[in-house]
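Residue numbers (numbering that gives the first Met the number 0), protein chains in the order written: chain A, 0 to 269; chain B, 0 to 210; chain C, 0 to 210.
Don't read these hints as lab results, they were simulated from the structure.
A quick note: this is a predicted structure, and the numbers were derived from the prediction, not measured.
Treat the hints loosely; a few may be bogus.
Unchecked claim - Chain A side only, calculated, beta carbon under 7 Å to chain B, not exhaustive:
| id | residue |
| --- | --- |
| 1 | N58 |
| 2 | L59 |
| 3 | A89 |
| 4 | A156 |
| 5 | L172 |
| 6 | L176 |
| 7 | A178 |
| 8 | E187 |
| 9 | R202 |
| 10 | L209 |
| 11 | T211 |
| 12 | G214 |
| 13 | G218 |
What the hints assert, rightly or not - Heads up, simulated BS3-like pairs for lysine-lysine below, C-alpha to C-alpha not over 25 Å straight-line:
| id | chain 1 | residue 1 | chain 2 | residue 2 |
| --- | --- | --- | --- | --- |
| 14 | A | K184 | B | K84 |
| 15 | C | K34 | B | K3 |
| 16 | C | K34 | B | K69 |
| 17 | B | K49 | C | K81 |
| 18 | C | K81 | B | K3 |
| 19 | C | K3 | B | K49 |
| 20 | C | K81 | B | K51 |
| 21 | B | K49 | C | K49 |
| 22 | B | K49 | B | K3 |
| 23 | C | K67 | C | K84 |
Stated by the list, open to error - Some chain C residues close to chain B (C-beta under 10 Å, calculated; not the full set):
| id | residue |
| --- | --- |
| 24 | I5 |
| 25 | A13 |
| 26 | L25 |
| 27 | L27 |
| 28 | L28 |
| 29 | K69 |
| 30 | L77 |
| 31 | K81 |
Ideal placement from N, C-alpha and C gives every residue a C-beta, glycine not left out.
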Amino acid sequence: MENLPDNVVPIQQPLVLVDGKPYQELPEDLYIPPDALEVFLETFEGPLDLLLYLIKHQNLDILDIPVLKITEQYIEYIDMMQNLRMELAAEYLVMAAMLAEIKSKMLLPRQVEESADEEDPRAELIRRLQEYERFKRAADDIDALPRLYRDNYLATAELVVDKIDKPLPDVELDAILIAFQDVLKRAEKFSHHQIQREPLSVRERMSRILATLSGDAEGFFAFHCFFTMEEGKSGAVVTFLALLELCKEGLVEIVQGEPLSEVWVKPIVE
Amino acid sequence: MDIKDILEASLFAASEPLSIMELQGLFLLEDRPDKHRVREAINLLQAEYKAKPIELIETASGYRFQVKSKYSSWVARLWEEKPVKYSRALLETLAIIAYQQPATRGEIEEIRGVAVSTNIIRTLEERSWIRVIGHKEVPGRPALYASTKEFLDYFNLQTLGDLPPLSSLLDIDLLPSRDVQLNLGDETPTKRDVKDDEKTPPPEPLTENIQ
Amino acid sequence: MDIKDILEASLFAASEPLSIMELQGLFLLEDRPDKHRVREAINLLQAEYKAKPIELIETASGYRFQVKSKYSSWVARLWEEKPVKYSRALLETLAIIAYQQPATRGEIEEIRGVAVSTNIIRTLEERSWIRVIGHKEVPGRPALYASTKEFLDYFNLQTLGDLPPLSSLLDIDLLPSRDVQLNLGDETPTKRDVKDDEKTPPPEPLTENIQ
């Protein structure tokens, strides 16, 4: 395993007490250079990773972990880190507790007539270790896959064009009606002002009158210019209503020389 | 490894034109080709791509692969944007102008309760669906917007009067029971029936006026 | 104009893989080739580029031209930054999501035995390698993560099935508790036992006592 840096410098001084016995030098497995200790929790991806390291390092079969030995090593590891005042992540302590529990179960004398369905206390741990190990491998496999911007690079050629067409969005007529309905409903909720709904023909006529007038700011237009004979009476009425509306909004001025004479319309200019 | 292949790979991978010097820089000092050899390899590559739809050209800052111009009309379709959808704000603005015209921006904002972005107005003008038909004689002389003939054409309408009448649809909301009643009749209710059109000169007796 | 040339030009111009459908979309309706013809042209192109330093490959979202891996050490010099190295924590998280998807954060933590940092999830999401595809109907409704097409594209894969196979779990068939047996031994543990080097071929029967 290449988890620990290779450039290991032996420490002479610090002794570690394991089970009350002083160790003159750290067992090689447990040996961590001071620099590595700083990053210990980053070096291992967690308690499972550490445990796998300990197992691998001794070439042990994952299905046949000598729980006692591994547990002791693990706990030594943790003790040592605590001696060095390393803050230990809770996960490591949980694992230590789990190992201790398995160890204690293994030590209990076994009843011969032990019920068959009682699981070996190691089973759960081994299942988790195996599960973790396969994803650890999968992670290495994924890392080894050729990937963009490390192993492969896009091969592209430049395209020189002046203009790219941009299609315009389509709108359904219904969408406009629904939008307007929504606006009105919303407006009615806060409305201080009531929105008037003139017949659209009046609104349309107002626009048309304004459009005609805007063509000639100085000019006067006769009332009858704004509708045609074919439109009949209703045309005249709509135009009249439109003019009243425009007048009210201060958009046009209506002038009549004398009663019953021609009505003239004039845009208001400053 | 062939110099030409390395240059070809790099020219395709680079996002900018590469100068002869930059191309030399791809190689470690000990096997760095001289300018002459780089140029030679480039000439070979240029010849190889003669018959291809892309070419290796020299620009001010170096060499790059580009698509031959005769293919650009096809290739440009890659960037044809999918038509986006208009925003709700835009549709509402358009609807207010259509139904309440002529309207100033201030009036639209008052009805919508929020500011109308300049972008929306510009988009609608660019589409020729609205235009300024005058200015309101109030301080600031705000532009008055109205819908256009193009707007009517787009929606296949003769006049604004052909816009779906609002009142009847609002009524439907208020009278949810009517649909149920209509089911009893023998005529299938259609939207057309519900929309009593103001143009229809004498309002015919509506069959669904049962309540 | 030859279909193959148009496809070739477009594949070089695109910055993303192009699907067969997108390639068909380059042509106007009246002269749009069917899928079969597009695929045929692609096969021809792939053969043409066999001997070149670039290749036309198929990934999850379509076809793209890319520089062959063996040129990466030269091409990498075009960029000042070294290619990103991803942490083991990130790769393990990605692997669990890729192989076990959809997976919740809790499930990932269960397998890894440690908390998954929010940073890792965020990085993976920002890279568009994973995304939330729903929520598990358990208390807290945790997000369910799955891998994306972009993930497959990035790693030159067409489908999840192309991922290297996940090693299978060995049957847990535990040997009769050896530790207890060992208890009967009388040898004291030696340093030698603890230092059992990984190079030592078969694990020797362990001899140490329990303290």
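Outcome of the hint check:
1. N58: violated, 40 Å
2. L59: violated, 44 Å
3. A89: Violated. Min distance 47 Å.
4. A156: holds, 4 Å
5. L172: holds, 5 Å
6. L176: holds, 4 Å
7. A178: Holds: closest Cβ of chain B sits about 4 Å from A/A178, inside 7 Å.
8. E187: violated, 10 Å
9. R202: holds, 5 Å
10. L209: Hint on A/L209: holds, closest Cβ of chain B at ~4 Å, below 7 Å.
11. T211: Violated, about 9 Å.
12. G214: violated, 10 Å
13. G218: Hint on A/G218: violated, closest Cβ of chain B at ~13 Å, above 7 Å.
14. A/K184 with B/K84: holds, 23 Å
15. C/K34 with B/K3: Distance ~35 Å between C/K34 and B/K3 Cα, so the pair is violated.
16. C/K34 with B/K69: Holds, at about 24 Å.
17. B/K49 with C/K81: violated, 35 Å
18. C/K81 with B/K3: holds, 24 Å
19. C/K3 with B/K49: This hinted pair holds, its Cα atoms lying about 15 Å apart.
20. C/K81 with B/K51: violated, 33 Å
21. B/K49 with C/K49: Holds, because 19 Å separates the two Cα atoms, which is no more than 25 Å.
22. B/K49 with B/K3: Given pair B/K49, B/K3 holds - Cα atoms ~16 Å apart, limit 25 Å.
23. C/K67 with C/K84: Holds, at about 20 Å.
24. I5: holds, 5 Å
25. A13: This hint holds: C/A13 lies near chain B, its Cβ roughly 6 Å from the closest one there, short of 10 Å.
26. L25: Since the shortest Cβ distance to chain B is 5 Å, the answer is holds.
27. L27: holds, 9 Å
28. L28: At 12 Å from the nearest chain B Cβ, C/L28 fails the 10 Å test, so the hint is violated.
29. K69: holds, 8 Å
30. L77: Constraint on C/L77 satisfied, holds at 5 Å.
31. K81: Interface hint status for C/K81: violated (16 Å vs cutoff 10 Å).
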